[in-house]
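Residues per chain, in single letters:
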Amino acid sequence: MIGADFVPFALTPLLIGCLASVACALPGNFLVLRRQALIGDAISHVVLPGIVVAFLITGTISTWPMLIGSAGAALVAVAMIEGIRRFGRIEPGAAMGVTFTALFAAGVLLLEQSDTSGVHLDVEHALFGNLESLIWLDAIGWSSLADPQALAGLPPEIFRLAIVTALIGLGLMVFWRPLAISTFDEGFAETLGLPVRAIGLGLVIASAIAAVAAFDAVGSIIVIAMFICPPAAARLMTNRLGAQVLWSVAFALASAISGFVLAAYGPLWLGAQNAVSAAGMIGTVSGVFLALAALFGPTRR
Amino acid sequence: MTPAHLLEIETQAKAEAAAADSPLAIRGMTVFYDQKPAVFSVDATFQPGRMTAIIGPNGAGKSTLLKAALGIVTPLAGKATIFGAPLSERRDRLAYVPQRASVDWDFPARVADVVAMGLYPKLGLLGRFTGAHRAKVKHCLARVGMEDFAHRQIGQLSGGQQQRVFLARALAQEADLYLLDEPFAGVDAATERAIIDVLKELKSEGKTVIAVHHDLSTVPEYFDDVLILNVRKVSEGSVAEAFTHEALDAAYGGRLDLAGTAALPVSA
Amino acid sequence: MLFEALTFQLGYNATLVTIGAVLLGLAAGVTGTFLFLRKRALVSDAIAHATLPGVGLAFIALTLLGFDGRNLPALLIGSALSAILGLFAVQWLTARTRLSEDAAIGAVLSVFFSFGIVLLTVIQTMETGGQAGLEGFLLGSTAGMLFADAALIAAGGAIVVALVFLFRRPMTLVSFDPGFAATSGTSLNRIDLVIMGLVMGVTVVGLKIVGLILIVALLIIPPVTARFWSDRAEHVVIFAGIFGALSAWIGAALSASAPDLPTGPLIVLVSFALFALSMIFAPGRGLLASAYRHRWFQRGVHIRQGLLALAQGQPIYEPLTLRLLSRAGLARADGVATESGKARAARALRDEKRWEVARATPDLELAAARYDGLTRIEDVLTPDQIAEIDARIGGPEAVA
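Protein chains in written order, with our numbering: chain A, 1 to 301; chain B, 302 to 569; chain C, 570 to 969.
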């Protein structure tokens with residue numbers, strides 16, 4: 001499989017899949033520990049109305065309006081969930097359910113009502129993404145990695161995701177202590193003077209940024225799966241927070257790579273002609289890893 | 302100036318002087334949960350270098366009063382000062398030990414990691430965790446008799462051991478004022494002994510200790526002062542003055558039977 | 570058009586779909602209430618997403634066996650089977666590992682859904698797959714539905730409603746008082762299973778109308794809406810059923826009244842509109858009522874504390890207290906009491922003493938326990954009782 005076609009057709013989607021998975025798995029660790037795992041689910045649903053509104057305002061599907069629109073929608077969703085929970089005194093799960101279904105429904109309705117015939121914007125695309133199409137046509141082989149002209153033709157998603165993943169990693173390192181303390185013991189964190197609300201909000205915003213950047217490239221199923229499955233599997237492998245985060249990165253990378261390879265080449269091995277959805281396969285494989293961790297992980301109980 | 306005015310100025314000055322000396326002074330603290338008062342208009346001035354128990358029946362607002370003073374719950378009215386200044390200026394001088402049940406002990410951390418959290422104000426975001434810090438953690442664990450457990454996963458500890466870890470974390474903060482929420486709830490006798498010994502040591506070092514407490518029978522043995530609460534303040538002062546039958550009667554109503562205090566429900 | 574749609578005059582299929590939707594809304598609202606009160610609302614999200622691989626596998630199996638893959642009953646059976654598997658996966662992860670339920674829900678829904686997507690892409694490459702229309706299960710699609718399918722949905726909705734009615738007593742018991750239910754011999758597990766079974770029924774029936782992504786809305790939004798209107802369990806169930814049916818009826822009718830108006834999203838949005846109105850305007854638990862009550866309590870507490878401080882010659886610490894007192898004409902801006910302030914302060918102090926006595930008096934203790942700090946003593950005790958108290962504390966003292 002490492003033939004001449006690998007670099008132009010598989011390298012970039014593989015890298016993008018890896019970056020997207022890691023970007024989501026990193027904040028996912030803290031979401032899972034805070035019992036907010038489903039915030040990731042909620043955020044990835046509300047990205048749809050975000051991009052539809054951005055499209056309706058700008059009339060195009062260019063990247064930046066989409067990113068801003070979906071990030072805005074994520075913030076609106078978080079504010080709604082928090083408002084319903086606090087002021088309506090409704091348990092967080094139900095508050096999330098109300099919010100993301102309503103916003104997603106609004107997105108679908110807007111999409112059906114607006115004329116998107118000329119552009120590539122539909123619900124399926126939002127859900128599954130189009131990882132397979134993020135190819136690097138300027139490349140002719142491994143040598144292209146050293147060719148500035150070919151490098152200029154890399155899909156822009158790769159740079160965006162690389163920057164986002166690096167920023168999230170950096171943020172996690174810088175704010176590691178306050179995040180850990182406020183996740184474990186919020187009341188104590190408050191007496192230390194830590195801004196626990198801001199920390200919680202910062203985590204959700206970081207998750208939203210990861211979701212939006214990843215969604216743009218790979219669709220929302222990978223996003224939901226990667227927020228939860230790698231951190232959950234990692235939780236079953238170790239009892240130390242630092243090790244858990246590293247395990248989750250390993251699981252995310254392993255899912256992305258093996259999922260992509262299985263989707264692209266698996267059907268061929270079975271004698272079929274067409275590849276299956278890479279996004280779907282990556283999500284499925286992350287579930288397999290979680291199942292294995294749940295059955296055999298050293299700290300599963 | 303009328304005499305009444307002079308008197309008013311004088312009382313005001315006195316109250317302010319008392320509040321400035323006090324490690325924790327609470328004025329008019331009122332907290333409502335929905336439509337019910339949990340704490341109503343409580344004034345209290347805690348004395349430096351002493352151990353005070355906050356006692357009262359179930360739902361008397363003991364923990365809530367502590368949390369409101371620490372800004373963990375938002376009061377409807379009232380304020381607290383710590384060593385004469387607002388909380389935000391005095392955080393470095395206080396250490397808070399929450400109820401054991403308030404956290405998820407399944408969190409992926411070891412005993413030493415939890416104690417090290419108490420060093421955060423000194424470490425900051427990126428300060429390096431040095432050998433001196435490690436020694437400090439070890440020392441604090443030794444003070445509560447948990448030095449052998451430093452590398453144990455916190456989920457594997459007994460209730461009493463968890464409580465000791467929390468106390469060790471507070472010790473690591475090297476505060477002047479220690480606020481403990483039900484430190485003896487659900488712990489074994491050995492732990493209770495170990496905790497009270499540490500608290501008495503703190504007192505002998507001149508620190509102030511305030512604990513929400515539910516076992517009336519040990520109040521005179523453990524504490525110097527009491528604040529008896531039942532949503533509002535019932536009485537306040539030294540154990541000899543304030544821990545009276547009348548005060549307890551007023552706080553607990555007819556439900557109190559001093560001989561059988563063990564049968565009292567454990568306050569939430 | 571809308572009027573015709575609301576009154577079931579838009580033709581056979583549209584009418585059947587609307588009836589099916591209303592029954593579905595009713596069943597979902599009621600079933601969802603039990604789920605919501607068990608604090609497990611989002612389990613339904615896992616169940617709904619877990620239907621997708623079942624639909625895909627059923628289609629593939631039918632096609633391979635030489636049947637038409639679009640056979641709705643077979644697809645629904647497939648969806649139910651994989652939903653059951655998903656539910657068991659959630660239960661197993663929660664019970665057998667240290668993962669919390671929310672992580673288990675998220676994992677199951679994303680993994681099952683991912684696998685479903687893989688199957689959909691497999692189906693697209695099959696010869697008959699192009700026109701399978703399975704994407705309709707994601708967001709529902711009632712356009713061009715066969716009569717038999719519409720009838721099946723209406724019948725399915727009716728069956729779920731009947732089952733809900735049948736099991737309403739034990740489900741209510743288990744949701745509101747699990748402890749009592751267990752001691753009274755009701756098997757918690759069995760009734761939980763019934764609730765989950767009904768959730769599955771609602772999901773399967775709703776797949777074609779609202780789709781698997783939005784079906785959870787029907788199970789969650791009406792119960793949450795109903796919660797704003799009542800604190801009583803039985804009423805919440807009934808209100809949730811009504812809100813669910815109402816949303817489905819209006820949503821389905823709106824959708825039938827014009828093209829490009831998908832049924833599922835409309836039902837969800839109508840239901841959300843009812844929710845938003847309830848959250849803001851409901852008496853008692855609504856936003857406006859709560860905010861008003863909070864301000865009222867806050868003002869009452871501050872004025873009372875200010876008055877007591879005045880009465881006892883103590884300084885007023887809080888600026889808000891002083892502001893409220895001076896706005897009410899009870900004190901000057903510098904904290905000195907006005908004449909009416911002095912009178913009110915004396916009364917406040919006397920009332921405080923009265924309450925103190927009342928609390929210490931065994932006969933009155935029960936009544937005194939109702940005191941929230943703001944209630945007037947006249948509203949709780951009889952004039953005779955007050956007179957008796959006054960005899961013990963003397964009259965009001967004047968404030969200097």
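Hints were generated in silico from the structure; no laboratory data involved. Ideal placement from N, C-alpha and C gives every residue a C-beta, glycine not left out. Mixed in with the good hints there might be a few duds.
Unchecked claim - Quick list of simulated restraints, FRET-style, between CB atoms:
#, chain 1, residue 1, chain 2, residue 2, range
1, C, Ile646, B, Asp449, 37 to 43 angstroms
2, B, Ala386, C, Pro852, 16 to 22 angstroms
3, C, Pro747, A, Gln273, 30 to 36 angstroms
4, C, Leu762, A, Tyr265, 54 to 60 angstroms
To be verified - With a straight-line Cα cutoff of 25 angstroms, these simulated PhoX-like cross-link-like pairs (lysine-lysine) come out:
#, chain 1, residue 1, chain 2, residue 2
5, C, Lys608, B, Lys380
6, C, Lys911, B, Lys337
7, B, Lys423, B, Lys439
8, B, Lys504, B, Lys437
9, B, Lys437, B, Lys501
10, B, Lys504, B, Lys423
11, B, Lys534, C, Lys922
Outcome of the hint check:
no. : hint                                    : verdict
1   : C:Ile646 / B:Asp449: 37 to 43 angstroms : 59 angstroms, violated
2   : B:Ala386 / C:Pro852: 16 to 22 angstroms : 44 angstroms, violated
3   : C:Pro747 / A:Gln273: 30 to 36 angstroms : 54 angstroms, violated
4   : C:Leu762 / A:Tyr265: 54 to 60 angstroms : 42 angstroms, violated
5   : C:Lys608 / B:Lys380                     : 36 angstroms, violated
6   : C:Lys911 / B:Lys337                     : 28 angstroms, violated
7   : B:Lys423 / B:Lys439                     : 16 angstroms, holds
8   : B:Lys504 / B:Lys437                     : 20 angstroms, holds
9   : B:Lys437 / B:Lys501                     : 20 angstroms, holds
10  : B:Lys504 / B:Lys423                     : 23 angstroms, holds
11  : B:Lys534 / C:Lys922                     : 14 angstroms, holds
Figure legend: structure checked against the earlier numbered hints; hints not met, in rising order: 1, 2, 3, 4, 5, 6.
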